[in-house]
Structures are given as structure tokens and as C-alpha cells.
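Following the hints, put chain B in place on chain A, whose structure we already have.
Protein chains in written order, with my numbering: chain A, 20 to 697; chain B, 725 to 945.
Simulated from the structure, these hints should not be mistaken for laboratory data. Where a beta carbon is used, it is the ideal one built from N, C-alpha and C, also for glycine. This list has only true hints and no planted wrong ones.
Short derived list, chain B residues pointing at chain A, Cβ under 8 Å:
1) Pro838
2) Phe839
3) Ile888
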Amino acid sequence: MLTLLLLLGILPQVGPDTSRVIPLPPVVITATHSARALTDVPVPMQLVDANTITRTGAARLSDLLAEQPGLLLFEDHGTGLMLQGFEPDYTLFLIDGEPIIGRTASTLDLDRFTVQGLERIEIVRGPTSSLYGSEALAGVVNLIRRRPQSPLAASLHARTETHNTHQLGATSELKRGHLGASFLMDHYRTGGYDLTPDVYGPTAPALRDYTADALLQWDIGRRSHLSLSGRWHQQQRQSAFALQGLGYDEQHHQTDYSLNPRFALQVTRRLRLEASGYASSYTTRTHMTRQGDGALYYQDRFEQAYRKLELRTQHLLTDHQLLTLGSGIIQEALQGDRYTHRITAHSGFVLMQHEWALRPWVEIISGFRFDAHSDYKARLSPRLAVLFRPSDRYRLRASIGSGFKAPEFRQRYLVFTNAAAGYSVFGVMRFREELRRLQEEGQIAQLLIDPQKVSKLRPENSVALNVGGEIMLSSGLAFSLNAFHNEVRDLIDTQPVAQKTNQAFVYTYFNVERLFTRGIESTLTPWPSLTLALSYQYVETADRDVLEAIEAGQLFGRTLSGRDYRLRRNDYGGLMGRSRHSGTVHLRGEVPQTGIQFTLRGVWRSRYGYRDVDGNGVINRPDEYVPGYSLWHLTLERALNRHLKLQGGTFNLFDLRRPALMPFQPGRRWFVMLTLHV
Amino acid sequence: MRTGFLLFALSFVLTACDSGSTLREDQPIEVLTVKDLPADPLTSTDPQTGRPVGTGRYTFFSLRTSEIVLRYDEADRSDSASTAWDLAFQGTHILINGGSSGPGQGGAVVLSAPFEEITEAPADSAFRIDGQHECSNGVRRAICPGSGQGWYHYDTSTHIITPIPGRTIVVRTADGRYAKVRILSYYKGAPEPGQINPETHPARYYTFEYVFQPDGSRRLQ
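Only chain B is shown next, with the shape it has when bound in the complex:
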């Protein structure tokens, strides 16, 4: 049950700041918040099992422009094969633009550290890529699916998905720059975690905050 915490007790290496950096240390980087990103909400019912289901398609998001590139409900899926997006969301699954998921240089690593404590992206060797790096449950993903494996915890009695506190996803964007992401809620309207009622706050709507470093350095503060 709690082994997830231990499995992800990944030691992360803080690399020294690039000495040749032309960065001004005091240059402010914005913390942006994305509200209610629809990640294939449940819209219809499976005729066989009676379970509510979605379309199975992803919503693609660009951390660089802070915009949705392609919504899950758009029919034309051609943009999904581009480097215009950095993260794709479908249910609890999050893909990066790289490896088996996209043509970009994307990657990600889920760190066990509070968002504010991550001041720099780790070395590239720490980054994971879809289709290459195996999760403990056997799936090859940068951000591992499954309760306690990646970013969320699933409560088997209440059936509520809650982001695990102290998990920060450091993302390498499709064009090789860095960002850090903290997921705040999986429910529409980002209700207080103790008061989630999936009837009034439908699931599969991401609210998250992130910091994107446009200058290409690893600095994330």
C-alpha cells in the first residue's frame, strides 16, 4: 500500500548551475495556474459494463504558450504528431512529447519534493521517456500510471483520485526546455480535497500550477 512512496524515493541529483549562464539570478519566472483542463471527461456509458466512459482521446497542452493545442473532443487529430505540445492528458494518464508518444525531445521525472524546493531541473540522465523507461508495474512511461506510482493516489473506498502531496513533475518540453508542474486537483472547479463529490464536481478536469523556464536553463525558481 505504501510501497509507492518508497519506490519513488528516487534520489535526484541537483546539478550545479551552468557557470557560463548569462542568466540574471533575479529574473522572475511566473507561476502559472491552469484551471479545469478537460482530460477526456466521462460522457457516455459502456453498453456492456454500464460503466461511464470517455472518448479515449487525449487533450494536448503546451507549457510554452500555456494553451491547449488540441482538445480531446476535436475530430482532427493531426496536431498530436507535432512538437507544438508538451503534455497530453487523458483520465489519469499523462504523456510527454517524446519517445513513443511524440516527435519532440520531451521527458519527465516525478520528484519527491515540494514544488517550491525544486530550484533546478535534474540532469538529463534522470529524465524518463515514454516507451523507454519501465515503471514498477511494467508500463513504459515517463509519468507512471497507477495509484501511488506517479502523481496520484486512488482511494479504493471513496473512489476519489487525489494528487500525492510533495510530488513535483519536472518536464522537459518538446523543444528541450524545462518546467516543473504540481497537480492540484482532478475534479472540475478544484473543490477542497475533503469535499469532493464527483456528481457536482466531475472527474478528469486537471487544475495544476507550473513554472516554465523560457531561457533554456535548468533554473526553475
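For reference, chain A alone in the conformation it holds in the complex:
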């Protein structure tokens, strides 16, 4: 914290934010790598602060993020986050600025994270690959740990919820002189639920989840700062399913940990140096056995490791210019049943960023990051952002930037043959060798393309424009608006490359698809003390190839009565899982003379496509959509005494349930939570 303040001290003081009437805006770090006032960041940014985190009463990150303005959930092998109309794999998640690994089918499951121990969550919208590299295409979500602040403090939390869900944990913090430490232990378990009793097995599995987290920090003298943070997490899931009348048990274990030493040195008043190391590992084990005799039906092991070393300097060139230079190396390793051997890949990057307060009312940030990788083509990600501040009540922002997502390991290294169906899928790095093997074995009937045409993949990449701003209305209301357009290219998909003698095909990966997402995000919040807040988001998405086929009159739909018709632009419902309209309502207040505080949240989204019925591969019929819905959550809170706080409430107040369309929505959930602070 000390170094953070030191940096703040050397930051260009340009804003007239010293006004006594308005409290100072919160400070954020994710948008530029430097500590900045939230209102003075030139890119669209959102903050979920400690107060919001505790007052919702949510246990997991998924429940917390689901009710924030402009954030929607996307269910695909877990609960992922959809930002600016992108699928979950295009949003980078960080913990204290370091990437979180471990995705299942591209989704980073938000149910994996407890909200305990978090100080705040910073969300940057739009591509931020110029700072963070791969995956920061739709945006970045940075989970920031609570820093030790009191000499000695501890808290206990105990929570119980519908579906046999329990949470128990403790946090503690110490701060003595130059030393500080904070600890977190959290245990979460749920019995799962079953929305379809006539189908064997639960809809959501029973799970047990453990998190341990620690942060140690040491201010060495007045000019340097050392910290070490670590996190360990384990989740065990237990489920069952039936196949052809036989019951099977499924067990899934996942373990991940991360370790992050960090050193910061204020070399001179104008120069700051930061070095960080980061090591993370993610392991899963899936085991399916037949009930009765316990025979092994299927098992899969997967191990992923990530190591990074990064050096960064921040140099105050003049009183109005801050230059950030950084570079780092990354090693990734992977091992699993679907890969032939342990795979390691190396990459390196350099980054540069220039923050320039040109005039008191205009600030320009420019920067780029260059990523070179052993397995795919190098990538340059530039960004340019401008902030105008014509008066204290107006902020205008415009930014243009490029984001990318590296080809996934499976797209590079997968060696998979489906025993039942006979087809094979090979990652591009393994393709030639595996094809040669099949040819030597006489399994290839014919080649469909020249194998020499299979080459290194390009990262999936985007160019994005964000334009918007804020107005502080006289009544103390703040209105913000952001319009965005993301043009995405080189999306990776499989294509057949050879046919086997058994008629099945051999597939590998190519950069083929193009799409766009565009829309408007807006919020209306009373400011500074938030009592009622509204938000609305409009998102449009489309596959460029589908639009071309529509343009050419080559794409058709079949009506409910069976007639075929040529699709027009208006008939096309965009990409799956995207609601065109969505919004949130937050209402906070106090019940007079009871000391009870309430928080009511509403989340609404319009219909979204979820399947193709008429065989054209796109969303166009009414029965291809999940109807729109709204969810309401209410939390009540009362301090029992100086140390004890009682919270209770309900998620999904009106018990919305759609077992077939929304198996991830269990219906109304009651909860009670007791927090003890000492």
C-alpha cells in the first residue's frame, strides 16, 4: 500500500479532484498498470468494491458478478463470464494482476472462486492485450486481495443456503511496523440439486471446495517493498449418470495453486522498478466407474503449469508524462491423457506505455505489447486511449486497441481419435507426424488438401473501438455511456483434411471464422452515495460468413409450418447465448428504526439463442431461443453488536425455473450468514 501511495505521489496531478464536497474517487490499477482515480481512466472501467461484495451476501464469484451492470453469465462446461458479447474464453481473469489458469472447454468456472478475502474487483472493458497479452480480448477482470490494514484483526464467517449448501471460513490480518500479513481459509460445500427426477443422476453435482490464501508483505526501508502471496484451491465433485440403463458414478477432482513473489523499488523520486515471479498449476482428474462392479468406464487426467517472470519500470519523464516499460518470459507446460507427451512452450514479451497529461483537460495513453511465442505467430497489440475532461462534470473517453487470444493447447497439440465414431482430431503441431503415421499404417484413403498447407496458427485477434463518457448531473446523478465495436478475425475451427479408409475424417485446426460484437453499455447511478442504480446494455453479434451467405441469398430457414424461406438480415439472431437487451436494478436502503439494511437487485435479459432447430446452423426461429427473464435477489443485513453481523436473504426471489432450458438455475435459494469481526 505504501508503494502504491508513493506512486500516486509521483503521478501527474492534473485533476481538480481536491474538491471538498465530493469524496475522492476510488483508485484502480488494472487499466494502465499504474494507480489511477477510477474517474480518470481513459478506458471504460467498472469497479465492484468491498461494500458491494459483502452487501450482496453472495458466496461465489458467479453470484456476485451475475448482478453487476453489463455482465452476463454464459454456461458452457461451467459458469463463465460474457463481456461485450464475447464468450468466456475471451476475458482474462487475474488475481492481483497475475493470470488465473485452468479452463474447461474454454470456460473459467466462476463457481471456483470464493468472494471472501477480496478487497475489490476491477473490470476493464475492451481489449487490454497491450498490457496483459493473450485472452485480454473482451476485457480483463482483476480480483484484488484485501491488504493488511489493522494491527490485528480476524473474522469468521458461517453461511448456510438451500440445497444443503454450507460455507465456513476465517480471515485474519496483522500489521506490525514494516510487516503485514493476511490469511484466508474457506470451505464451501453443496449437496447439488436435481431438477429432473425422472432422469437418473443429479442436475448439478454435489461438491466440496477448499480455498487457502495468504499474503505476506514487508516494507524494506522507505523505498522498497517485498510481498509474497499464495493460493491453494481444491474442488471435488461427485455425480452420477445412466447409460443404456446402467448407472455410473463420476468423480471429478481439481486442484490449483499459485505463488507470486513481488518486489518493488522506488529508485528515485521519478523512477520505480517492479519485479514479479508467478507460478501456477492446475490439475484435474475425472473418473467414471460402473455402479455395482466398479469397473472403470472412463478416466482423464490433465495437468497444466504456468510460470512467468516479469520486470517493469515506471518513469516519470516530466511532471505530466509517465512511461512504463516491461518485459517478461513465460513457460507453459501441459500433460494429459489426450496428449502424447508432456508439452512445454515458451514465450516472451515486451511492453511500452506512455501516459501523457497534455493539458489539464486532456490525457493520452498510448502503448503496445509484443508477444513472441514458440508455437504460433508473433503478435503486436497496440492501444491508444484519450480522456477529455472539459469540466469537472464531464468525462469523454475514446480508445482503439487490439486484442488477441493465443491458440489453445488442444488446437496445437491434441492427438485424439474417437474409438466409436472413428474420426481423428490433431492439433497443428502434431498434425504432420500423426498423418504420416496413419499413412504408413494404410489408414488414409485420400488427402483432401495438401498437408503442407497446415501451418502454425495465427492467434485469434480483434480490433476494437470504445467511445463514451460520463456526465455528473446536477442532482448528484451520474450517467455513463459506452459504445463499443469489436471486429474479430482468425477464429479457430476444425476442418477435415483427409478421409480414412473407414470413411471417417481426419480434422485439424485453421484460422477461418470472423465475427463482430457491438453495442452500448450505460449506467445511471446516484452519486456519491448509491441508493438506486440502473444499467442497460444493448449487444449485437454476428458471424461475418453468415452475413455474407444471407447477402448472397444462400441461407434459408424453415418455418414452423415447414415452408422454406430466404433469410434476411433481420431474421438472423446472432451468436448463441447472447441477449440483445439486458439490464440491472440495484436498490439499497434502510428499514427505519430497525437497523436493518436491505439490498434489492434485479437482473433482466432478453431472449437468447441456444440451439438450431431447422438445420441451417443459425438462430432464426422462435423455438431456437430461450425466452427472456428477470431474476430478483434480496439481502437483509443487521449488525447485532459491535462484532457480530447477521445477513439473510434469497437469490431468485420469484423462483424462476426452467429445467430443460436452464439446468444451471436451481430456483429460489435462501441463505443466512453470520460474520464475526474481532
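Just chain B, lined up with the frame of chain A:
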């Protein structure tokens, strides 16, 4: 994924109506519907993979008489080498009576146009013949097999086969006359496309509608 649509963005040439035709323009041609044609339904289980399998044999159908010439489950296969049939069905595969598949003059072309819009068969140069014309996936077939290649779309998550809307198969019969075919369903009883359950509606049963022009002209209206 969607390249199939583009690959089949075949421009088709509408040839001018034969001026010497003795046809009466108002002569009505019937639209016939064939229901639940069995195309080798899955009857047994492969002992090695555990997958359900059929016999591997085709059901042969005549567009001219609107009758099945030879069912997949009949032991005597001699009729398959005749010109009595026009289309043969086995699973998602459809053969024409010509080229490598039969002794007839058959051919076919899959057009990207709604059934009603096809008023005439295209020129013979547009027709494809089994064993001669290569599909994008390398197979030589008039009606290309594979999801998005020919007449159907296969959903990899639900494993449902759905006819692609706006695909019309123009067929040249074994005796050189023309017909157009639109496939409506691949499941027994032709259930609503959103409500297909292969347990209650077994796969490999074709329901299709077609128009056959008996007078030998290209007119298909």
C-alpha cells in the same frame, strides 16, 4: 462450420424453356409426399464398438412409380442393378441411378433454392454423377455425404440430423427424366424438428416431397 453453405453456393443456370415443347403450361404436376421410407434403420449392435448399426444395404425407390423397388431388408438384391429405381437411401447416403451406382442415366444436383422456386431443371452440364464428380471432402458423389455438404446438417451436441432448409435436390431419373426433391425429415413419423427424440422417433426414416415431370421436359412446376 458454415463453409458448407458457401461451398454450395453453386450458381445454377436456368435454361430457357424448350421452344419446340408441346407442353401445355397449365398442365398440373402433382407434389407427392413419401412418408417414412426406411433407409436401413439401426437394428443391431456392433459387438466391437457397442454402436447400433444397420445392415449396410440400401432401399431403392422409383420417383416414376412412387414405389419402393427394393427394401434394405430384402435378401434378393438383383433389382439394384436395374433401371427400375431412381434414388437409393442408406443412412444419410443417397445414390442416383447412374455412374458408379447404377446402369441408368441418373444424376442429381443439390441447389440452394427453395423447392417452390425451382421451376425448371438446370442444364445437364450442371448435373453430377456418382463416381465422377468430386465433393469438397473428396468423395465422388452426386449428392455429397457429410454435414453441411449435401442435404443435411448434423448437430454435434444433440446428434440430430436435420435437412438443410432451402436445399432442393434436382434429380435426373434412370430414364433421363427430371424431378425435384425436398427432404422433410430423417426420423420416423416426421416429428417437429424441435422435438426429435431418437428413442421415440427412430432415425433413418425419410419423409420427403417431390415433383416428377413425366413428359420428359425440364419443367418442374
